[in-house]
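Colleague: First residue of the sequence shown: 1, per full-length UniProt numbering; consecutive thereafter.
Since the hints were made in silico from the structure, they are not lab data.
There may be inaccurate statements among the hints.
[Stated by the list, open to error] Label pairs and their calculated CB-CB ranges:
(1) Asn211 / Leu79: 33 to 41 angstroms
(2) Lys230 / His161: 15 to 23 angstroms
(3) Asn48 / Asn211: 32 to 40 angstroms
(4) Asn187 / Lys108: 24 to 32 angstroms
(5) Thr198 / Asn60: 44 to 52 angstroms
(6) Tyr143 / Ser243: 40 to 48 angstroms
(7) His161 / Ser224: 37 to 45 angstroms
(8) Lys237 / Glu216: 18 to 26 angstroms
(9) Lys108 / Glu216: 27 to 35 angstroms
(10) Lys127 / His225: 44 to 52 angstroms
(11) Lys233 / Arg53: 43 to 51 angstroms
(12) His225 / Tyr143: 49 to 57 angstroms
All of these numbers come straight from a predicted model, not from anything done at the bench.
Every residue, glycine too, gets a C-beta built ideally from N, C-alpha and C.
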Amino acid sequence: MKNPLDRFTEIFSENTHLDSKVIAPHIERLKELDKVLPTSSTFLMLTNTIEQRYEYFTKNIELGMGVTRDQLYKDGIKLFLEMIHPEEVELWLGMIHEMTTYIAENIKIEDRTRLDIQYNYRIKVPKEGRYLNVIENQIPVHYTAEGQIALCFGQVTLIGHDEELPIRGKIRMLNKNNQYETIFIKNYSKEIFLDALTNRENDIVRLLAMNNTSKEIGNKLCISHQTVDKHRKNILKKLGLNSTRDLVSKLEYTVLI
1 MKNPLDRFTE IFSENTHLDS KVIAPHIERL KELDKVLPTS STFLMLTNTI EQRYEYFTKN
61 IELGMGVTRD QLYKDGIKLF LEMIHPEEVE LWLGMIHEMT TYIAENIKIE DRTRLDIQYN
121 YRIKVPKEGR YLNVIENQIP VHYTAEGQIA LCFGQVTLIG HDEELPIRGK IRMLNKNNQY
181 ETIFIKNYSK EIFLDALTNR ENDIVRLLAM NNTSKEIGNK LCISHQTVDK HRKNILKKLG
241 LNSTRDLVSK LEYTVLI
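Please model the entire structure based on the sequences and the hints provided.
Modeller: This is how it looks when you write it as structure tokens:
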């Protein structure tokens, strides 16, 4: 089956004012994440954040969600908000507000298309008749002259379980090697063991979960493999674990990284 991430060219062919080169390195990182996510349904979207409507959805959303694209195009973000678990709507809105404020106050306008904004929540899936966990990545691809996010390219992945997970928001930026480095991370609900880690340590844990060696991680994060090894030891000490294998096995849900 064709990877939904390969379909991103459809979006950019239908929106000629967008530069596909902006999104290409993000696509490679999302493909890596796709390899370690649980079996799930993934679909892509293009969101007009200013007008609060959707410009595009890949066709598979209808099969995965049981909601038509016409419904989503007609009702826009309002419909999506109505589908979020009622206990998490306010958390979600507060999280989005804090992260967009952080971007506005800390990231230069010319650097903002290098950002990946990731968060999770539960959403009502009509096809399933229940709430499922979602992990969502949004990449700002177009801004107003004032620096306001105008258009976002998104990947939404349904994870096949409905239990309550910690709501975590993350902002990562592509470095000079086109690899993500975390610049913001916050837990908005129940505490988890990863909360004790720094941004750098979270990046190393994520890359370890993707089966990267210390040397590979060092190359991606522009640091030495010796520095990576020091971080690994500190991570294990902080979390009270004996080995990297114990750490990776503890990451029951990839949404946590």
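Colleague: Kindly confirm whether 40 to 48 angstroms is satisfied by the beta carbon distance between Tyr143 and Ser243.
Modeller: Cβ of Tyr143 to Cβ of Ser243: about 44 angstroms, so the range 40 to 48 angstroms holds.
Colleague: Quick check: does the Cβ-Cβ distance between His161 and Ser224 fall within 37 to 45 angstroms?
Modeller: Taking Cβ atoms as reference, His161 and Ser224 lie about 39 angstroms apart, which means the hint holds.
Colleague: Take the C-beta atom of Lys127 and the C-beta atom of His225, compute their distance, and say whether it sits inside 44 to 52 angstroms.
Modeller: For His225 against Lys127, whose Cβ atoms are near 46 angstroms apart, the range 44 to 52 angstroms holds.
Colleague: Given the range 43 to 51 angstroms, decide if the beta-carbon distance of Lys233 to Arg53 lies inside it.
Modeller: 49 angstroms, holds
Colleague: For the range 15 to 23 angstroms, tell me whether the beta carbons of Lys230 and His161 fit it or not.
Modeller: 35 angstroms, violated
Colleague: So the hint says 27 to 35 angstroms: do the beta-carbon atoms of Lys108 and Glu216 match that?
Modeller: For Lys108 and Glu216 the Cβ distance comes to about 29 angstroms; the hint holds.
Colleague: Can you tell me whether the CB distance of Thr198 to Asn60 sits inside 44 to 52 angstroms?
Modeller: Given range 44 to 52 angstroms: violated, Cβ gap about 37 angstroms.
Colleague: Is 49 to 57 angstroms respected by the C-beta to C-beta distance linking His225 and Tyr143?
Modeller: Since the Cβ atoms of His225 and Tyr143 sit about 37 angstroms apart, the hinted range of 49 to 57 angstroms is violated.
Colleague: If I claimed the Cβ atoms of Asn211 and Leu79 lie 33 to 41 angstroms apart, would that claim hold in this structure?
Modeller: Holds: the Cβ-Cβ distance is about 38 angstroms, inside 33 to 41 angstroms.
Colleague: State, for the Cβ atoms of Lys237 and Glu216, whether the hinted interval 18 to 26 angstroms holds or is violated.
Modeller: Check passed, 23 angstroms falls within 18 to 26 angstroms.
Colleague: Evaluate the given range 24 to 32 angstroms for the C-beta pair formed by Asn187 and Lys108.
Modeller: 27 angstroms, holds
Colleague: Okay, Asn48 versus Asn211 on CB: inside 32 to 40 angstroms?
Modeller: For Asn211 against Asn48, whose Cβ atoms are near 37 angstroms apart, the range 32 to 40 angstroms holds.
The earlier numbered hints that this structure contradicts are 2, 5 and 12.
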